[in-house]
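A.B. asks: As a plain string of letters, each chain reads:
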Amino acid sequence: MIFSEIANFMIEVIKPGIFTTVQDLGRWGYQRYGIGTAGALDSFALTAGNLLLGNAEEAAGLEITFVGPLLKFHQTTLVAITGADLNPRLNGQPLPNWTVCSVSAGSMLSFGPRKSGVRAYLAVWGGIAVPPIMGSRSTYLLGHFGGLEGRPLKAGDLLPLHPCPSKGQELAGRSLPISLHPAYQRNPCLRVILGPFADYFSLEGQEAFLTSAYTITPQSDRMGYRLHGTPITRAINEELITCGLANGTIQVPPDGQPILLLADRQTIGGYPIIATVINADLPLAAQCAPGDKLRFQATTLREAQAAFQNLWGNLRRFLQSI
Amino acid sequence: MIFQPKILPAGDQAILIELGKEIKPEINQQVHYLSQLLEKRAPMGIKEIIPSYSSLLIYYDPAQISFSAVSDLVQNFLHENSPRPNNPPVIKEIPVVYGGEYGPDLEFVAQFHGLTVAEVIKIHTSQTYLVYVVGFSPGFAAMGTVPEIIQTPRLPTPRTKVPAGSVGIGGKQTGIYAVESPGGWRLIGRTPLTLFDLNNEPPAFFKAGDYARFFSIPAEDFFLYQEQKRNFF
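Line by line, the protein sequences give chains S and W. Going by our numbering, the first residue of the first sequence is number 559, and it counts up by one from there. Going by our numbering, the first residue of the second sequence is number 828, and it counts up by one from there.
Please keep in mind that the hints were generated in silico from the structure rather than gathered at the bench. Hints are supplied without guarantee of correctness; some may be wrong.
To be verified - Ranges of calculated distance between the beta carbons of each label pair, as one might list FRET restraints:
id, chain 1, residue 1, chain 2, residue 2, range
1, W, Pro-915, S, Pro-735, 52 to 62 angstroms
2, W, Pro-870, S, Ala-614, 23 to 33 angstroms
3, S, Arg-853, W, Ala-896, 29 to 39 angstroms
4, S, Ala-771, W, Met-871, 39 to 49 angstroms
Said to hold, decoys possible - A short list of chain W residues far from chain S (calculated; beta carbon distances all over 12 angstroms):
id, residue
5, Leu-835
6, Ala-841
7, Ser-893
8, Leu-905
9, Glu-920
10, Leu-942
11, Lys-949
12, Gly-962
13, Ala-1035
14, Pro-1045
15, Asp-1048
Everything numeric in this text was worked out from a predicted model, so none of it was measured. For each residue, glycine too, the CB sits at the ideal point set by N, CA and C.
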């Protein structure tokens, strides 16, 4: 096949943005080999985009951080942009978020100054067709594989697409009502399940954690957010034996400043864990920037699981109903 | 002291099972035993298990199985008196070029303990190690227990780049870096084996619960082993 034919089913990356990666819902089943899950930080936003397009929930899209890329579509297709509002424009015209939009071959998708949130997701009809590795198309930066060569996009990259049938165009205009969006905000209060090692911390430390605000520092990325605020002091200085780390784990190193671990976290770690952010609230964390402040509120397992079922259940029910 | 196993929520979709508070082969073997049982007889909704030194993290889908159902299952397995799986231990033989550019900290380890380099190699290759855990970075295998006379504290400041295949000592443990990564263990040698390969399923050479035994090879054989690795196994 000659280049132009291949490129017919491609998105061409003219400018990569500051940090754009291919992500799906993550690579599961390999953490015991030290291979992290990776996956979209705001998995709700990516899934909403995929479901609006009628894609499988597992379809891969782009996770776009702060400053978006400039992309050229070599194929007529459909897209949905969700999550942060990074001011998307198609051939210069503003594009609504959370809405299926038709894109004709030759169109340029650009992003302007950030309006709100941090991570936008570009879902494309059929998903981005990079080859799956261990069942996932997510970019795994630490392992240098997945997505496009295991790295963020760079200028000149070509992202393979599936050809979009013309009847698919009927989906254009489908959108997700605001009532179903996560309650994104700059300084959210995230619900947590305390433990498994809350008893390693003093009562004052636990109280500080639940009553004061923690600022997201610039040393924050997809691995985790380093937070800064009232130090969380220890009750016992016994060392923890390294254990597996769930998504949303808040570990506290000896300096007392918590770290919120996200999709690119290590599989195991040895700092005591004061609490874990509930899965329903991880999308809120994903949309916060350095300088934003996080607060934490303890909740119960029952409430946490109900909140998760609500958020995702409402999304799936709405999309089945239209 | 008898440690009562603890079953604790790690957020709303994972459970931590703590079987002890020490790095010890007996506790770690219990972890692998429980992990095998869970895998063989796990009901729907158990998504993934991460075995570690003295604990397991179980990811579950609350829409399919509740916290208390997973917890009861684990309790039953722990109390069950069924015979342990009689799998013969998997012992993997690992060729290592000790010292020189392959093991830049070997001299330090020898001096630290008042031993010769040859003695350190002899001691390091003298026993079979249990792979406690695979993690920290893709395929990294942490094993123990290192004979006390060569146990060496980690570097005060970790190296930013440790080459793939490097064999190190970190306190009471020895281990192999499967991919290039930062690391703070004292590097005593390097194996020519490829320990992480995306074309293999699973891609990691070691899994937790395996055993390893090191043997010393001359530096000039490093590339020979690399070329022959396909025939070697």
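A.B. asks: Evaluate each hint against the coordinates.
C.D. replies: A quick look at each hint next to the structure:
no.	hint	in the structure
1	W:Pro-915 <-> S:Pro-735: 52 to 62 angstroms	60 angstroms, holds
2	W:Pro-870 <-> S:Ala-614: 23 to 33 angstroms	25 angstroms, holds
3	S:Arg-853 <-> W:Ala-896: 29 to 39 angstroms	33 angstroms, holds
4	S:Ala-771 <-> W:Met-871: 39 to 49 angstroms	41 angstroms, holds
5	Leu-835	4 angstroms, violated
6	Ala-841	4 angstroms, violated
7	Ser-893	9 angstroms, violated
8	Leu-905	17 angstroms, holds
9	Glu-920	20 angstroms, holds
10	Leu-942	28 angstroms, holds
11	Lys-949	30 angstroms, holds
12	Gly-962	4 angstroms, violated
13	Ala-1035	6 angstroms, violated
14	Pro-1045	30 angstroms, holds
15	Asp-1048	28 angstroms, holds
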